[in-house]
Structures are given as structure tokens and as C-alpha cells.
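Enquirer: Under UniProt numbering, the first residue of the sequence shown carries the number 1, and numbering increases by one thereafter.
Treat the hints loosely; a few may be bogus.
[Claimed, not checked] The calculated lysine to aspartate or glutamate pairs, modelled on DMTMM-like cross-linking and capped at a C-alpha distance of 25 Å, are:
(1) K176 - E131
(2) K183 - E93
(3) K97 - E51
(4) K97 - E131
(5) K97 - E87
(6) K99 - E82
(7) K94 - D72
(8) K99 - D72
(9) K94 - E173
(10) K94 - E58
(11) K183 - E51
(12) K97 - D72
(13) K176 - E84
(14) K94 - E51
(15) K176 - E123
(16) K54 - E123
(17) K54 - E131
(18) K94 - D208
(19) K133 - E82
(20) K99 - D208
(21) K97 - E173
(22) K99 - E173
(23) K99 - E67
(24) K176 - D208
(25) K94 - D191
(26) K133 - E67
(27) K97 - D191
(28) K54 - E82
(29) K99 - E123
(30) K99 - E87
(31) K183 - D208
These are calculated hints, taken from the structure and not from any lab test.
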Amino acid sequence: MWIFILIQLFEKMTLYNKFTKIKFFAFLFSMFLYFEGIACSCPPFRIYSAERIKSENEFIFIGTPIENLILDNGLRHFWNGENEGTEVRFRVEKVIKGKITSQFVAINQFIHGNCARFFQFGERYIIVGNEIKGFIPNYAKIFEYPYLRHAIIQQVLYDGIYSQKQLSTSEPEIVKYWNELAKAFRVMDTDACRTFTLNSQYASLFLD
Numbered sequence: 001m002w003i004f005i006l007i008q009l010f011e012k013m014t015l016y017n018k019f020t021k022i023k024f025f026a027f028l029f030s031m032f033l034y035f036e037g038i039a040c041s042c043p044p045f046r047i048y049s050a051e052r053i054k055s056e057n058e059f060i061f062i063g064t065p066i067e068n069l070i071l072d073n074g075l076r077h078f079w080n081g082e083n084e085g086t087e088v089r090f091r092v093e094k095v096i097k098g099k100i101t102s103q104f105v106a107i108n109q110f111i112h113g114n115c116a117r118f119f120q121f122g123e124r125y126i127i128v129g130n131e132i133k134g135f136i137p138n139y140a141k142i143f144e145y146p147y148l149r150h151a152i153i154q155q156v157l158y159d160g161i162y163s164q165k166q167l168s169t170s171e172p173e174i175v176k177y178w179n180e181l182a183k184a185f186r187v188m189d190t191d192a193c194r195t196f197t198l199n200s201q202y203a204s205l206f207l208d
């Protein structure tokens, strides 16, 4: 519940300059990832579970994150300065499964919240995921307060089905932005349970 209180405070910071709000948002986002990350639980990896994950995902590739794809220019600049992010552009080095002909792909983890992978720029990762072909707006009035509605809705896949390849969000400008990105790059859905640094013990299970 504390996260929603902080979000409300952020929205009321009209007397502060933009940089102060960016710093506050960075703190808020970092705390959110820290506390929510504690609750993220990935299944234990074995050879059979790796094979199951391979079969359930369209793409496996090796790549490096190079820049953030956040819509807000100020926040994008800030997180690029930190050399890390969750919604990022990846440079593709090697494709293991699927057909990727472009040099870059976009990673989107809106729906994963506490299990989103925080990528470090310059690090090499093996990415296992599915393509998101489109984004749709969702105006369902689940809660009274807009910031609560936004926080919940943007973490739900359309109809809850991965194969639908549609992501639900409450902000039309974000929908438009990501649909434009989907025209320029292949957009991938992944999370911390399917993405590993290349030198990790789990990465080798997905290299063959």
C-alpha cells in the first residue's frame, strides 16, 4: 500500500522542478523494484524445465542492452545516465531460436512488475521470450483513483493469454508510442525468470 501513497505524493509535487521530480521518481521506482523483487519467485531450473521454457517461447537470442525506451524524455535521459533499465533496446548478437533479421529488438516488461529484469548496459544476456505484435488501450474503471488504476492495469496481459500478443495499458500515449516502436523493431516480452547473464550457470541450458 505504501507504493500507492508515494505515487500520490509524486503526482502532487507541482511546486518542484522537473529534475527534482525525476529524482523522486527514480527513488520510487528503485524502491518498488527492490521490495517487489523480494516477492518474485522463479521455479527451480532443471534440464527438463529449461526445455519446457524453450518450447513455450518463440525466440532465444544473445544480446546487449544499449538504451532505454521510456516515453518520457527526462526519465529516459536519467536512466540512460544510470546505464540500466527494464524497457530497453537490445543489440542482437546471435539468434538461437526464431527468426530475427534486424540488428535491434525492443524489450517490454510492463506486465511482469516484480519479476521484471533490470538490465545493465554493456552486459551480455541470453533472452528467452515471445513477440508482442500490438498494444491496446484499456479504460476499465477498476479503482476510484487514476494512479491506482494505472498501476494495476498496465501489468495485465490482454485476456491473460500470452498467445494473444496484446498488452493492456491505461495511457493512450504509451499505447501509441509502443505501437510505433513495434513497427520499427520486433518487440519482445520477457522477464527475470527467462533472462540470464551470459556467464550465469543457467544460460548454458538455453544455448543448445
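Enquirer: Look at each hint and say if it fits the structure.
Expert: Now for the hints, and whether the structure bears them out:
1. Restraint check for K176 and E131: satisfied, since their Cα atoms lie roughly 17 Å apart, inside the 25 Å limit.
2. Distance restraint check for K183 and E93: the Cα-Cα separation of roughly 21 Å lies within the 25 Å cut-off, and the hinted pair is therefore satisfied.
3. At roughly 12 Å between alpha-carbon atoms, K97 and E51 fall within 25 Å of each other, so this suggested pair holds.
4. Straight-line distance between C-alpha atoms of K97 and E131 comes to about 13 Å, which keeps the hinted pair within the 25 Å bound.
5. Restraint check for K97 and E87: the C-alpha separation of about 22 Å stays at or below 25 Å, so the hint holds.
6. The suggested pairing of K99 with E82 is violated, with an alpha-carbon distance near 32 Å, which exceeds 25 Å.
7. With a C-alpha separation of about 30 Å, the suggested pair K94 and D72 falls outside the 25 Å cut-off, and the hint is violated.
8. This hinted pair does not check out: K99 and D72 have alpha carbons roughly 31 Å apart, beyond 25 Å.
9. Taking the CA atoms of K94 and E173, the gap is about 33 Å. The hint is violated against a cut of 25 Å.
10. Simply put, K94 and E58 have alpha-carbon atoms about 15 Å apart, close enough for the 25 Å limit, and the pair holds.
11. Between K183 and E51, the direct Cα distance comes to roughly 31 Å. Violation of the 25 Å bound is thereby established for this hinted pair.
12. This hinted pair does not check out: K97 and D72 have alpha carbons roughly 33 Å apart, beyond 25 Å.
13. Taken as a hint, the K176 and E84 pair is honoured in the structure, with Cα atoms around 24 Å apart against an allowance of 25 Å.
14. About 19 Å separates the Cα atoms of K94 and E51, which keeps this hinted pair within 25 Å; it holds.
15. A threshold of 25 Å between alpha carbons decides the hint, and for K176 with E123 the separation of about 30 Å lies outside it, so the pair is violated.
16. The hinted pair formed by K54 and E123 meets the criterion: a straight-line CA distance of about 22 Å does not exceed 25 Å.
17. A distance of roughly 14 Å separates the Cα atoms of K54 and E131; the hinted pair therefore holds under the 25 Å criterion.
18. The suggested pairing of K94 with D208 holds, with an alpha-carbon distance near 12 Å, which does not exceed 25 Å.
19. Restraint check: the Cα-Cα separation between K133 and E82 comes to about 29 Å, which exceeds 25 Å; the hinted pair is violated.
20. Annotation: proposed proximity of K99 to D208 holds, straight-line Cα distance about 16 Å (limit 25 Å).
21. A threshold of 25 Å between alpha carbons decides the hint, and for K97 with E173 the separation of about 32 Å lies outside it, so the pair is violated.
22. Under the criterion of a C-alpha separation no larger than 25 Å, the hint pairing K99 with E173 is inconsistent with the structure, at around 30 Å.
23. A threshold of 25 Å between alpha carbons decides the hint, and for K99 with E67 the separation of about 23 Å falls inside it, so the pair holds.
24. With a C-alpha separation of about 37 Å, the suggested pair K176 and D208 falls outside the 25 Å cut-off, and the hint is violated.
25. About 19 Å separates the Cα atoms of K94 and D191, which keeps this hinted pair within 25 Å; it holds.
26. This hinted pair checks out: K133 and E67 have alpha carbons roughly 21 Å apart, not beyond 25 Å.
27. Restraint check for K97 and D191: the C-alpha separation of about 17 Å stays at or below 25 Å, so the hint holds.
28. At roughly 32 Å between alpha-carbon atoms, K54 and E82 are farther apart than 25 Å, so this suggested pair is violated.
29. Taking the CA atoms of K99 and E123, the gap is near 23 Å; set against the 25 Å cutoff, the hint holds.
30. Simply put, K99 and E87 have alpha-carbon atoms about 21 Å apart, close enough for the 25 Å limit, and the pair holds.
31. Under the criterion of a C-alpha separation no larger than 25 Å, the hint pairing K183 with D208 is inconsistent with the structure, at around 30 Å.
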